[in-house]
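J.: These are the residues of each chain, in order.
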Amino acid sequence: MARVLVVDDEPRVVGVLKRYLERIGHEVATAANGHEALAAVEQGTIDVMLTDINMPDMNGIEVLNHLRQKGLSVAVIAMSGGGLLSKEMLLATAGALGAVATLTKPFDLEELKTTIEDVLRAT
Amino acid sequence: MYENARSALRSILERLSPPESEYAGLGGSTPAPHRLYERLLRSFPGMAYRCRNDSSWSMEYASHGCRSLLGFDPHDLVENRVVSFAMLIHPDDRQRVWDAMQHALVTDEAFDLTYRIRRVDGTERWVWDRGRPVLGPRGGIEALEGFITDVTDHEAFRARSSDRDAQFRALVEQSLTGVYLIRDGRFAYVNPRFCRIFGRSAEEITALPSTLELVHPDHRALVRENIARRIEGHMEEIRYEFQALAPDGGELVVEVHGRRIELDGDPAIIGCLVDVTDRRKAQQRYHEAQKMEALGQLAAGVAHDFNNVLAVIKAAAQLLTVERSDDDALARDLADIIDATARGVSLSRQLTRFGRSRQHEGTVASLSQVAHDLMPMLQRLVGDGIELNLSLDATAATATVHPTHAEEVIVNLVVNARDAMPEGGTLGIATRESLMDGNAADKPPRRAVVLEVRDTGSGIPLAARSRIFEPYFTTKGENGTGLGLSNVWRIARDAGGTVELESEIGKGSTFRVVLPASRPEATGTGVDVPRTRD
Numbered sequence: 002m003a004r005v006l007v008v009d010d011e012p013r014v015v016g017v018l019k020r021y022l023e024r025i026g027h028e029v030a031t032a033a034n035g036h037e038a039l040a041a042v043e044q045g046t047i048d049v050m051l052t053d054i055n056m057p058d059m060n061g062i063e064v065l066n067h068l069r070q071k072g073l074s075v076a077v078i079a080m081s082g083g084g085l086l087s088k089e090m091l092l093a094t095a096g097a098l099g100a101v102a103t104l105t106k107p108f109d110l111e112e113l114k115t116t117i118e119d120v121l122r123a124t
Numbered sequence: 014m015y016e017n018a019r020s021a022l023r024s025i026l027e028r029l030s031p032p033e034s035e036y037a038g039l040g041g042s043t044p045a046p047h048r049l050y051e052r053l054l055r056s057f058p059g060m061a062y063r064c065r066n067d068s069s070w071s072m073e074y075a076s077h078g079c080r081s082l083l084g085f086d087p088h089d090l091v092e093n094r095v096v097s098f099a100m101l102i103h104p105d106d107r108q109r110v111w112d113a114m115q116h117a118l119v120t121d122e123a124f125d126l127t128y129r130i131r132r133v134d135g136t137e138r139w140v141w142d143r144g145r146p147v148l149g150p151r152g153g154i155e156a157l158e159g160f161i162t163d164v165t166d167h168e169a170f171r172a173r174s175s176d177r178d179a180q181f182r183a184l185v186e187q188s189l190t191g192v193y194l195i196r197d198g199r200f201a202y203v204n205p206r207f208c209r210i211f212g213r214s215a216e217e218i219t220a221l222p223s224t225l226e227l228v229h230p231d232h233r234a235l236v237r238e239n240i241a242r243r244i245e246g247h248m249e250e251i252r253y254e255f256q257a258l259a260p261d262g263g264e265l266v267v268e269v270h271g272r273r274i275e276l277d278g279d280p281a282i283i284g285c286l287v288d289v290t291d292r293r294k295a296q297q298r299y300h301e302a303q304k305m306e307a308l309g310q311l312a313a314g315v316a317h318d319f320n321n322v323l324a325v326i327k328a329a330a331q332l333l334t335v336e337r338s339d340d341d342a343l344a345r346d347l348a349d350i351i352d353a354t355a356r357g358v359s360l361s362r363q364l365t366r367f368g369r370s371r372q373h374e375g376t377v378a379s380l381s382q383v384a385h386d387l388m389p390m391l392q393r394l395v396g397d398g399i400e401l402n403l404s405l406d407a408t409a410a411t412a413t414v415h416p417t418h419a420e421e422v423i424v425n426l427v428v429n430a431r432d433a434m435p436e437g438g439t440l441g442i443a444t445r446e447s448l449m450d451g452n453a454a455d456k457p458p459r460r461a462v463v464l465e466v467r468d469t470g471s472g473i474p475l476a477a478r479s480r481i482f483e484p485y486f487t488t489k490g491e492n493g494t495g496l497g498l499s500n501v502w503r504i505a506r507d508a509g510g511t512v513e514l515e516s517e518i519g520k521g522s523t524f525r526v527v528l529p530a531s532r533p534e535a536t537g538t539g540v541d542v543p544r545t546r547d
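Residue numbers (the working numbering), protein chains in the order written: chain A, 2 to 124; chain D, 14 to 547.
Next up, chain A with everything else stripped away, as it sits in the complex (with noise of 0.2 Å):
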């Protein structure tokens, strides 16, 4: 179906969202931080980041002006759970960024298969 990269510092969070894509038919890489998101969105074989916003070292912030900056096409679905700003903000930068998605933790995993679906069917 597609080859998604699951984004996320925590690991429990990337095993569970890896599991459930693999079941339902995708292809699935993961990152642990913003460096080895851009690494491996680099090789040009994503078709969709699945990214946390809230990571240390780089956050999914300052991950989206680097595929910005160095002019990377990938389709963004930005995930947060809140933190110092509230989720609704840190979304809507996102979005301002060119994140064509956003999901609020904790979603359902019917929403995250939909939300991928419509991001595939619009790229």
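The hints are simulated quantities; they were obtained by calculation from the structure and are not laboratory data.
A few of these clues could be false.
[To be verified] What follows is a list of derived Cβ distance ranges for each label pair:
no. : chain 1 : residue 1 : chain 2 : residue 2 : range
1   : A       : 19        : D       : 520       : 48 to 58 Å
2   : A       : 19        : D       : 338       : 48 to 58 Å
3   : D       : 299       : A       : 118       : 46 to 56 Å
4   : A       : 122       : D       : 355       : 21 to 31 Å
5   : D       : 338       : A       : 118       : 13 to 23 Å
6   : D       : 263       : A       : 58        : 32 to 42 Å
7   : D       : 336       : A       : 118       : 14 to 24 Å
8   : A       : 122       : D       : 338       : 41 to 51 Å
9   : A       : 20        : D       : 341       : 17 to 27 Å
10  : A       : 58        : D       : 349       : 31 to 41 Å
11  : D       : 299       : A       : 19        : 47 to 57 Å
12  : D       : 355       : A       : 20        : 15 to 25 Å
13  : D       : 479       : A       : 20        : 46 to 56 Å
[What the hints assert, rightly or not] Some chain A residues flagged as far from chain D (calculated, every beta-carbon gap over 10 Å):
no. : residue
14  : 3
15  : 45
16  : 58
Just so you know, these numbers come straight off a predicted model, no measurement behind them.
Heads up, the beta-carbon is just placed ideally off N, CA and C, and yes, glycines get one too.
Position chain D relative to chain A; hints supplied.
T.: Below, chain D alone, put in the same frame as chain A:
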């Protein structure tokens, strides 16, 4: 002795300035029998003296007037045999007398002083002391000679002292701090400012059976103890704050600075008092805000981690539900787990709301505050090539806009400005207070708060300027949604304001959001309304 008396008398005669001819035969070079001097001196209502310029004012000679003036025999006073003259000067006047004398000696002038003395019977009298320094053969100060008269009942003195009384009365009565005198646990005197602070008349206050009647019950023990410590002499001076009883039953915090004095031989307390309620409240608000800020950060951090945990639990449970769809018992348990995560989400939302409630309550926002709080994120948003330049007026008024919307306005304008400078540049964010035209021609201008976002980018072509706020209009091709600026415009309009655009090709653009100031709160700190005077 005789020479001293003669010399003292000569000083007196010079100072007392009656027509010289009348006494020409007494002073000066003509020798006269010493009895004449003594008799003359005895007939004067006062004391002639000669003393040394030392801290005791050690007497070398004192005339017989000493008895009626001070109640001491001259013999007691001379050479400080029983008492030094300095000890007889009122303690509060000693320094002043010393200073005035030393000044006179430096300038070789005659002195002319009024001060209080204490007689042997303890009574206090006002005296008039006139004299001059006597220079020795080598020019040094040999002694002081003069004449001291009791002027307490003197009409001219009373007139002078009543002038001085008037000055002091004005000083106290017009003072901007509350001034009080406590005797026997009651207010013996309070000035008008004191009355205004407590909203009662001076008659009411001085009629109170105890000073503690003006103190909040919770603080009475503290105030009682502080007064007692001074009265008993454990402490001369004290400065402290306590809660008092406001006339309207509201909060009143006062700071007092009082000291113990002696009044007619009894201990008393004088002090001044300032209403510090507003200052205290502002400090409390500040501490409260800081506490809430810290709690908010904590709550937001907890909510974030909590949401991650919930995300794992919920996703795993949902995954299992799909994988083990044949197991009904398991499906029921998993449904419970998923249901529990929903409650967890609700909890985490409450936690987040709690963290933000105080800062972002209601629909009033300080654009300066919002911009300031967004700084870390804006910094990341614009990246390295762009210099962020902030000029926020923290005192600018608040606007009637939801803080989330204010955030949206700022983020959208900043993203826009950043995109206008692909090669980098300077991005300025400024807030300030200004005026905007009233909404009708006959209405006066209103206070407004202005948010400006400036870039040094390419500028916006004229053709695009008229459409720039239209929904779905974008110059960014596929990168733009065309919703950013239209949202900014919508939010500004909803808040009763406008968005202005200034742009110059090649120089850059400035977006200016002008929002009417929200009405100040009743306890607003921005405008200090002076109290009316009595």
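J.: Each hint needs a verdict: does it hold in this structure or not?
T.: Comparing the hints with the structure gives:
| no. | hint | in the structure |
| --- | --- | --- |
| 1 | A/19 / D/520: 48 to 58 Å | holds, 51 Å |
| 2 | A/19 / D/338: 48 to 58 Å | violated, 20 Å |
| 3 | D/299 / A/118: 46 to 56 Å | holds, 51 Å |
| 4 | A/122 / D/355: 21 to 31 Å | holds, 29 Å |
| 5 | D/338 / A/118: 13 to 23 Å | holds, 21 Å |
| 6 | D/263 / A/58: 32 to 42 Å | violated, 53 Å |
| 7 | D/336 / A/118: 14 to 24 Å | holds, 20 Å |
| 8 | A/122 / D/338: 41 to 51 Å | violated, 27 Å |
| 9 | A/20 / D/341: 17 to 27 Å | holds, 22 Å |
| 10 | A/58 / D/349: 31 to 41 Å | holds, 37 Å |
| 11 | D/299 / A/19: 47 to 57 Å | holds, 48 Å |
| 12 | D/355 / A/20: 15 to 25 Å | holds, 21 Å |
| 13 | D/479 / A/20: 46 to 56 Å | holds, 53 Å |
| 14 | 3 | holds, 19 Å |
| 15 | 45 | holds, 19 Å |
| 16 | 58 | holds, 13 Å |
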